[in-house]
Amino acid sequence: MIENDYRDKKFLIIDDFENFQRILKAMLTDLNAKHVDTASNGLQAIQRCQDHEYDVIFGDFDLGRGRNGLQTLEELRHQELLKSSAIFIMVTAESSKEAVIGSMEYKPDAYLAKPVAPGELKLRLLKCLKQKEALKDIYHAMDTGKLAEAITLCDKEINAGTRHKNWCRKTKGNLLLKQNRFHEAAVLYQAVIDQRPVHWALLGYAKALEGEEKTSEAYEAYQQVVANNPACLEAFEGSARLLMQLDRTKEAQAVLEQTNSISAHSVDRQRLLKDASKMNGDLVGAAKASRNLVRLAEHTRHYQAENHLELADNLNEAARILPQKKAKEFAKEALKALKTVEKQMNSNELKAKSKLIEARVQSSLNNKTNAEKALEQAEKALGSEKKAKIELRLELAKSYIQTGNQEKASGLISDLVADYGNDPKIAPEIDKLVEEPVTKSGKNQVVSINKKGIQLYESGDFEKAAQYFGKAIRHYPKHVGIRLNLIQSLLNCIKKDGLTAAAAKECATHLASINHITAEHPQYQRYKSLYQAVVAVQSKVKGDTLE
Amino acid sequence: MERDDLLMLIASSVHDMKNSVSMIMASVDNAATADEAQREKALATLRYEASRLSNDLVHLMGVYRVNVNELPLAIDEQEVYDVLMNQKLRNEMLLRKHNLSLDIDCDELDEWYFDAELIGGVINNVLVNAVRYTRSKIKVSAKILDNEWLRISIEDDGDGFPEFMLKNPGQPMKQIDFRKGSTSMGIYFALKVCQLHKRGEERGYITLQNGGSLGGGVFNIYLP
Chain A
1 MIENDYRDKK FLIIDDFENF QRILKAMLTD LNAKHVDTAS NGLQAIQRCQ DHEYDVIFGD
61 FDLGRGRNGL QTLEELRHQE LLKSSAIFIM VTAESSKEAV IGSMEYKPDA YLAKPVAPGE
121 LKLRLLKCLK QKEALKDIYH AMDTGKLAEA ITLCDKEINA GTRHKNWCRK TKGNLLLKQN
181 RFHEAAVLYQ AVIDQRPVHW ALLGYAKALE GEEKTSEAYE AYQQVVANNP ACLEAFEGSA
241 RLLMQLDRTK EAQAVLEQTN SISAHSVDRQ RLLKDASKMN GDLVGAAKAS RNLVRLAEHT
301 RHYQAENHLE LADNLNEAAR ILPQKKAKEF AKEALKALKT VEKQMNSNEL KAKSKLIEAR
361 VQSSLNNKTN AEKALEQAEK ALGSEKKAKI ELRLELAKSY IQTGNQEKAS GLISDLVADY
421 GNDPKIAPEI DKLVEEPVTK SGKNQVVSIN KKGIQLYESG DFEKAAQYFG KAIRHYPKHV
481 GIRLNLIQSL LNCIKKDGLT AAAAKECATH LASINHITAE HPQYQRYKSL YQAVVAVQSK
541 VKGDTLE
Chain B
1 MERDDLLMLI ASSVHDMKNS VSMIMASVDN AATADEAQRE KALATLRYEA SRLSNDLVHL
61 MGVYRVNVNE LPLAIDEQEV YDVLMNQKLR NEMLLRKHNL SLDIDCDELD EWYFDAELIG
121 GVINNVLVNA VRYTRSKIKV SAKILDNEWL RISIEDDGDG FPEFMLKNPG QPMKQIDFRK
181 GSTSMGIYFA LKVCQLHKRG EERGYITLQN GGSLGGGVFN IYLP
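Those sequence lines, one after another, are chains A and B.
1 is the number of the first residue of the first sequence in this note's numbering; add one for each residue after it.
1 is the number of the first residue of the second sequence in this note's numbering; add one for each residue after it.
No lab work stands behind these hints, which were simulated from the structure alone.
Note that the Cβ used here is the ideal one computed from N, Cα and C, for glycine as well.
One or more hints might be untrue.
Some but not every residue of chain A turned toward chain B, in silico, with C-beta under 8 angstroms [what the hints assert, rightly or not]:
(1) Ala113
(2) Glu120
(3) Leu123
(4) Asn166
Start from the sequences and build out the full structure, keeping to the hints where you can.
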């Protein structure tokens, strides 16, 4: 009988409190368990699972610093360290709702609330074992990648109305999503919602719509989930993802920042925040998100040496607009990030990419010699520039510009325009490198942007004008004219609607991003007068807070 | 909720916890004795007061979250019998020490939609409270009514609820009742948790009555 089978089962307890490990171990020993191991953090748990095949794992949700219980489970499943018959029971304190609502894909088999009572433990364990036994064919099909077969087996249980029908409905939904059968998934979830708007079905429905690329509908569906469940971070993440697609990047960033203040555990969310911040021109925000991403991804399946390269790049981009002292700190951190993964740059491509970033960082630190040296090493690793991948050629151009190699830069950019000037994906990337667009479509667009923006401005609708220029600057971040138009619109908004600290800060941030222009620049006079206006606004804000 | 009512609830709750702590301290001293009967009694008290203390803290946290609108629900299909059984098992030791029997009356195949953790917490609190006021037994039953409502009832064979509580369960008392302690905090929390369970226009609620199949207090939880 399963009931008395515990003597042959291998148990693992993951908890950062030794006391709790001891209590649980004693309870298991009372159930005749002979083999009980313990781990006090996620990393240790993963190591244990590499050495042993456990039948039952108890994981506390809150494991102190580092990975939480759910992330540990995610990692174990991802590394395929759990056999399908293994049971993972999540132990939670009352307040950790995130554990229960968390991710859909990596659900534990059961939950147990602290403090754990012996009888409760026994009952839960028995129930899990019985369930695994009853559904072992489905688990086996999923383990061996026979997803279609698993779905058929789920259907059988659902149609027969067995006590496992709910589990089978959830599982079937997940499997359909996994197989990109989004429409079928949407139909399944809708049918469940029609009966009862349960959380998992609402979330699944939103995912299915996202899969079907029904962007606005999917966004609405995620909003529905959030309304029902303000703790569902996965739904916030989904909302943000879709806001980005809807070109509502400011809202996306706001949602992600809010979510981050609840829990900053998710690598995917940091990646999203990094992208959103970058698109919004918040270079410091992007650097911070990048930093979190690298920290969270360490020792997980998300780890990539390239994350460090991107961190270095983002830190350097932020350094370029920060005041001198801060800039130096950021640039030094960037060098450190590059150094960390130096040994992993084992292909010429990676090596070139890393050296190109290094050249830019050295240039930010005013180390001209080091910058040139890194640039040479990059060129060497790159070989024939013409044959290199377009991503690397763009990087090279960026490095030429930032290290002050004007001639090489303009030569390369003309080449790029000749090769990709009509490519709808790459042309905008080329234009992003330079102040004035060089591609035909870019040139036309900037003309029409300025025309329409100025129309709005002249009609007195400064807010709309600011929004319009704000959107445009994302596509032409180096364009001084658009940036100045934006600042001017913002200043007029302040005049009209009153001064806030946030508004003053926004002006200052935009101004900082063009602080490199010199007296030779045709827009210099205008820059200078707007500079003084922003300084005045800022000192007024500071004065206000002193009163 | 009114700020004054909230403060009253918190005050009565803290008052109750202070009582529990002093009972715990006294029991620890008593448990150190060699007299076995006295020791058993002290341990029973210890366990009971610790359960109360734990419930009170859960409620305080819960009330805080209700009031800042952060209490998230995880409503899912639940096996009702399982949820009731878990509460019984959580209190096994407490029941044994007080020599009480607890029966569960529920169809094992019944399923309903609710947040198992929150509703489990509510049932647990009512149970611990019933331990204090019952004589010899407690009964927990659940029934699905017309496929529209789930009713969970916790009955005891004690003296029942005082008159003033029967009328408007969940309303905080206007002043601290130094004999009744923070019972009203538990009921307020129970009501809030039930009200979070909605379907269409319907919202969960609670009722209190006296009598029932055991002749004592009956605490009913209705979930749509």
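Comparing the hints with the structure gives:
no., hint, result
1, Ala113, "holds (6 angstroms)"
2, Glu120, "holds (4 angstroms)"
3, Leu123, "holds (6 angstroms)"
4, Asn166, "holds (5 angstroms)"
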